[in-house]
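Engineer: So you can see what is in the structure, the chains are spelled out below.
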Amino acid sequence: MIEFDDVTITYADQSAPVLANVNLRIPEGELVLVVGRTGSGKSTLLSAVNGLVPHFTGGTLQGRVLVDGRDTAHHAPRDLADLVGVVPQDPMSGFVTDTVEDELAYGMECLGLAPDIMRRRVEETLDLLGLADIRQRPLRTLSGGQRQRVAIGAVLAAHPRILVLDEPTSALDPGAAEEVLAALQRLVHDLGVTVLMAEHRLERVVQYADQVIIVPGGGAPVIQGSPAEVMQHAPIAPPVVELGRLAGWDPMPLSVRDARRAAGSLRDLLVGQQPRLRVVTDSRVETVRTSRLGVRYGSHPALRGVDITIHDGEIVALMGRNGAGKSTLLNALVGVGPTRTGDVLIKDRDPAALGDAELIDTVGLVPQEPADLLEATSVAEECRIADRDARCEPGTTRALLALMAPEILDGTHPRDLSEGQRLLLVLCLILAARPPLLLLDEPTRGLDYPTKTRLARVLADLAAAGHAIALATHDVELVAEIADRVIILAEGEVVADGSTSDVVMSSPMFAPQVSKILSPQEWLTVGQVEHALAHLPEPEVDAG
Amino acid sequence: MGDARWLHPGAWWIWALGMAAAASRTTNPLLLIALIAVAALVVQARRPDAPWGRSFRFFLQLGLIVIVVRMAVQVLLVSSVGTTTILDLPGITLPEWLAGIRIGGDVRLESLLMGFYDGLRLATILICIGAANSLASPTRLLKSVPAGLYELGVSIVVALTFTPQLVADVERLKTARRLRGRRTTGPRAIAAAAIPVLEGALERSVTLAAAMDSRGYGRRGPESARRRRGTTGLLLLGLVAACIGTYGLVSAGSPALMGLPLLVLGLGSAVGAVVWSGRSQVRTRYRPDPWSLPEWLVSAAGVTVAGIFTVAAWSGTSGMVASFDPPTWPSLPLAALVGVAIAATAAVTAPPLPRSMRMQRELVEVGA
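Taken in sequence, the protein lines are chains A and B. Residue 1 is where the first sequence starts when you use the numbering used here, and the numbers rise one by one after that. Residue 1 is where the second sequence starts when you use the numbering used here, and the numbers rise one by one after that.
The following block holds chain A by itself, in its conformation from the complex:
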């Protein structure tokens, strides 16, 4: 269905190719997962399938990309629109019309389908993706999961035989992600659509894939194979695979279900062992306390009577579905956004009443788009500005950054940093003023596993140094890794607040893979299991 023949892609302003000598054969009706670090050329590979690269982005493409026999060199994206449907990373950025139904029809209108066929297909698509109830809703008012499904439906209604998706679940809560993946699987199974999908959250998708393509980046050869064999040695792997490697399971399980079947002996081995927990300073000094905190957007209450307390040295995860009020809560804690009711006190000071300079000494927030905070043209300049704003010793911020990310160079333009590096840079800029409370909004969105591990280590160190940290996230694995406490919000109210193991273990939605595999034992991460296995009372470590 899709053939890459010795494809090399070079962008106009770069000397080295993004992708070099790629050879791929993707048969019809397969769900293919494209995996790779940020900036490795995944998106370029996906965009080459419908000719956006190079028709739209510029650059040169050597070799040949054949899609159902059509050469993308001679067919512009619009001429492939009947064959390939592309769902962009941020669905909202690709919406052309204003209501769900019109959006579904737009592609078919462009293709010139007869009105009666369009009518029928819109109805079919509404049913297939469960959008019938919201058919007349304005697109702006939809939740993240609904938007993603509309974006998929919008390309699907035109009956393309290939569907290309760039990180379809990265912005979604676990429930919404399940919804989208279930819809995709149905397309593959029932309609024989070929799906090509890039995704960082392997734990969510690898079990559905028929094939995995690894794009290592830096011009290294692309690897294609079945998920089980590729995952055996892949540099990045979901927790289920890491646990499998640790226990030496063969064949490698990819789903929680398969892993549970293989895990009997591992569970026996771990009986009586206790997970090692991060040592939390028991100072119990309050950093922030809210009481009856409420925020409304117009008539819509975003937060209602929220009472939370966070202590020094504690890492708290805020979870809940898209639109539950997590970002609103973080914003209220730094005193931005709509006027609130109730009290917020950070070290006995109200953030909303603080002057601009005092605010950064009290609380720091890394927003969902960290790049918003960047303004200079080089890393060094950015650090100098932060020193000045925080009124601290020149060089403080740069030294901090050197500690967290030694590979970042002074002269680099912040735009040229990878997503993870940019996040760490912004974190340093915020930390320059040493705020006792540090907030992060969706820090791992779009981050690959190595970067996530690094961030987890940095945050643990900061907590050990006494910072109170609160992060809003959908990433259950990250939460299992670093959070001491989890607060779950729903409809603007706190519905659960307790230690990580208590809260996530009892919820099928928020439980990490390791916990699902080894329940009823209370393990959360591969690290904990590894530590326990290394310190078993008996010498024989045989988990086969």
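There could be a bad hint or two in this list.
Stated by the list, open to error - Straight-line C-alpha distance at most 30 Å; calculated BS3-like pairs for lysine-lysine:
1. A/Lys452 with B/Lys174
2. A/Lys347 with B/Lys174
3. A/Lys452 with A/Lys516
Stated by the list, open to error - If we take Cβ atoms under 10 Å as the criterion, some of the chain A residues that face chain B in the derived model are:
4. Thr57
5. Ala76
6. Gly94
7. Val96
8. Glu101
9. Ile134
10. Arg137
11. Leu373
12. Leu374
Think of the hints as simulated: they come from the structure by calculation, not from any bench. C-beta: ideal position from N, C-alpha, C; glycine also.
For this one, chain A is given, so just place chain B on it according to the hints.
Structural biologist: Leaving out everything else, chain B in the frame of chain A:
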């Protein structure tokens, strides 16, 4: 009444332009205020819950500014009329060759009224256009645009998504500045935000264009290059002819043939080119808005009010022109009042909107 659905945007525009045409025929403040009230009533009843639906308030404010500016100009810069002095300001005597213009001087009631009536008329016209703006969905109007002009329409789509997101971006960057401990108000803060905001907006426009392209926008059927050149040439010639024709029509002393005939010929060939090039587009329409009874009723209401006002003004019905010298309380011509009442029926004859698009109190999207 009928089922809940969208009224054809064309019908709203005909209705609103009819109201504007009616407003242009009178200076009677009572009639003008009645027209504004009708516009506000209909907008209140039938505007959708969408960014453009909220634009009416902006037009009301604009109308107010127009009135104030018009009155200020009349009173401070234009030679006064009338005799009733209500305020004596110091004035500058300008040289004789600037007769008709003055600066300052005494403020007279008649002058003030003349400025007010004229400003109110202009404001009413603007508010009627504003009503169409907030009642008719621009994207739905775009669907009714002939295929040949579609390319033009697409730039409007991009522009339409551009503005609300620009506002959201400015908010985000203001927050970002606060997070770095900077001032969030003042000219420097705005200047610092300008470049990243525009950068982001531009990037998004490119993404949108790429998305439209990959969904097949702009696909053409088989069409020869010669034919494409032909239609472009025809369009260009037609527009040039129309321009010359318009000039001939308004300028005295040009040959008769250069006027109306050339204008008609030019417009005709331009329309022909648009229709012809539209033939090669493969595009079809999904559920186009129907044009049925409500559309006829609403547009008829607009045409009727325009007709009544025009006839009344033409036949010199008393009360169509409000007297400001001497200042008397304007009378209300019955015929015009009936016209205004007919225009108001649009609030009822237009079908209600689908429930999900009805205006609720502000429903702002809530972050994760």
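Engineer: Let me make sure I understand: some of the numbered hints might not hold for this structure. Which ones are they, in numerical order?
Structural biologist: No numbers; nothing is violated.
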